[in-house]
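Novice: Build out the structure end to end from the sequences listed, making use of the hints.
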Amino acid sequence: MDKPKKTVVDELGTAYELTKELGEGGQGKVFAVSGGRYAVKLLPKKSDRETLRRKLQRVRLLPIDDLKMASPKAMLKPPRVGYVMEILTGMTPIQTLINIPVDPELYLAGGGLKRRLLLLAQCAEIFSRLHAKGLVYSDPSPGNIFISSDVDSYEVRLIDADNLHYESDPASGVYTPSYGAPEVVKGKSGVNTLTDAYAFAVIVFQALTLIHPFIGDWVNEGEPELEDKAYQGEVPWIDDPHDTRNQTEAGIPREIVLSPGLRKLSQQCFGEGLNDPLQRPGISQWRDKLYSAAAFTVHCPECAMTYYPNKQRFCPWCDSPQPRFVEVRIIRWEPEKGCCEEKEHIFHRLVLEENYGLTLTTRVIKGRTGEAGTDPLVELVLAGEKIRVRSVEDKNYLLTCEAYGIEKSASINSEKWRAFPIYKNEKYGRWRLHFDALNAPHRVALFIDRS
594 MDKPKKTVVD ELGTAYELTK ELGEGGQGKV FAVSGGRYAV KLLPKKSDRE TLRRKLQRVR
654 LLPIDDLKMA SPKAMLKPPR VGYVMEILTG MTPIQTLINI PVDPELYLAG GGLKRRLLLL
714 AQCAEIFSRL HAKGLVYSDP SPGNIFISSD VDSYEVRLID ADNLHYESDP ASGVYTPSYG
774 APEVVKGKSG VNTLTDAYAF AVIVFQALTL IHPFIGDWVN EGEPELEDKA YQGEVPWIDD
834 PHDTRNQTEA GIPREIVLSP GLRKLSQQCF GEGLNDPLQR PGISQWRDKL YSAAAFTVHC
894 PECAMTYYPN KQRFCPWCDS PQPRFVEVRI IRWEPEKGCC EEKEHIFHRL VLEENYGLTL
954 TTRVIKGRTG EAGTDPLVEL VLAGEKIRVR SVEDKNYLLT CEAYGIEKSA SINSEKWRAF
1014 PIYKNEKYGR WRLHFDALNA PHRVALFIDR S
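Our numbering applies: residue 594 is where the sequence shown begins, and numbers increase by one.
In case anyone wonders, no lab produced these hints; they're calculated from the structure. A couple of the hints might just be wrong.
As the list claims (entries may be wrong) - Derived pair list, reagent style EDC-like, types lysine to aspartate or glutamate, alpha-carbon separation capped at 16 Å:
no., residue 1, residue 2
1, LYS857, ASP881
2, LYS779, ASP821
3, LYS707, ASP881
4, LYS822, ASP810
5, LYS988, GLU1000
6, LYS661, GLU679
7, LYS648, GLU760
8, LYS959, GLU986
9, LYS622, GLU610
10, LYS670, GLU610
11, LYS1017, ASP1042
12, LYS857, ASP833
Specialist: As structure tokens, then:
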């Protein structure tokens, strides 16, 4: 027999029927509400109502209207302690991508690798913008990050806005078990941007590899106290190259789901930065590496998984041959030097595949972040032995190619698609798409055949 559903009432007299528990954080539980537009956060009954009221009043004054956060709507009537928040319909905690067995079909059911990377990148974008305003989220956990239930959608929202505060405010020590930074767990520090970054790094690692970075074989097979020590920063992380005591083969092999950039950030956070917060990468670094990793993935035509191109040229999920693609490399152009192809001047490496168009946004072309980085500027399509390109906005770009000392050029605009051939051998020329005048420093796209 089903349990009777709980009903709560807010201070305005509106009743809400709680349908299911969505998540649990460091201070309470969040429940879905019948109708899907709202959610309710319930705090323990011993919590102080007036303290919560002051928190919510303070949150309403914070500069967060432009951030993707669930805004508090109203407090609950006694004897309940909590509040109603407004969320998008059809959303679920990111926990649903983490609490699954290591099974390729279940991994794909959540949208696969590329979707995970993009959702996490968008989440990092929200945290990064929050930190840029001088604010701390306090309690990042899989229970308070919400994502679209539809695997073809990429919406992200943060809940639990009552935990927000300015970094200069008196520090609090709220955290969700297994996500708190060691200094917070030990009570040596309150929350700050670097403790936010630590918790987010754990979420990234779990969502991609399906394993906690500190729950290796040593911790799993040891006494319960060893797990407590792991969360206090007294146990090596599972991929520590200098201390292999806690290694494990559990989870998804890291080279399949973590790009080199993400593996480096993981070591910086869980290795050098474990007990030295200043060594940890900030969330903006995670954002950039997550976007870069997502952009350099290919689609397997056999199993529909996405994965990083590899030297073996096969799908790591089903062993099918790697599909053909063109690498679109965004580098710096200097008028006196031309293309700057040194590693430090490579801004992005993107994959252009047949059947999957590629849109170059202001983030890629101009280095913008946040909402300002989402505007589409150029569209690319791979069609057989040619690439088709057009401008999305009312702006012209220059396409050039030099071969045998002869320079060819064409104007790219929004009126029609322009096609140009892919040269497998650079002696026949290499195309460059310029995003500004040749006499000004700017970014330029190179096209490299990877068939």
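Novice: All hints, please: hold or fail.
Specialist: Against the structure, the hints:
Distance hint between LYS857 and ASP881 is fulfilled; the C-alpha atoms sit about 13 Å from each other, no more than 16 Å. About 10 Å separates the Cα atoms of LYS779 and ASP821, which keeps this hinted pair within 16 Å; it holds. Proximity of LYS707 to ASP881 is assessed by CA-CA distance (about 14 Å); at most 16 Å being required, the pair is judged to hold. With a C-alpha separation of about 14 Å, the suggested pair LYS822 and ASP810 falls inside the 16 Å cut-off, and the hint holds.
With a CA separation close to 22 Å, the supplied pair LYS988 and GLU1000 exceeds the 16 Å bound. Annotation: proposed proximity of LYS661 to GLU679 holds, straight-line Cα distance about 11 Å (limit 16 Å). Restraint check for LYS648 and GLU760: the C-alpha separation of about 15 Å stays at or below 16 Å, so the hint holds. Straight-line distance between C-alpha atoms of LYS959 and GLU986 comes to about 14 Å, which keeps the hinted pair within the 16 Å bound.
Pair hint LYS622 plus GLU610 holds up; C-alpha atoms about 15 Å apart against a cutoff of 16 Å. Taking the CA atoms of LYS670 and GLU610, the gap is near 14 Å; set against the 16 Å cutoff, the hint holds. Straight-line distance between C-alpha atoms of LYS1017 and ASP1042 comes to about 6 Å, which keeps the hinted pair within the 16 Å bound. The hinted pair formed by LYS857 and ASP833 meets the criterion: a straight-line CA distance of about 11 Å does not exceed 16 Å.
Comparing the model with each numbered hint stated earlier shows that hint 5 is the single one that does not hold.
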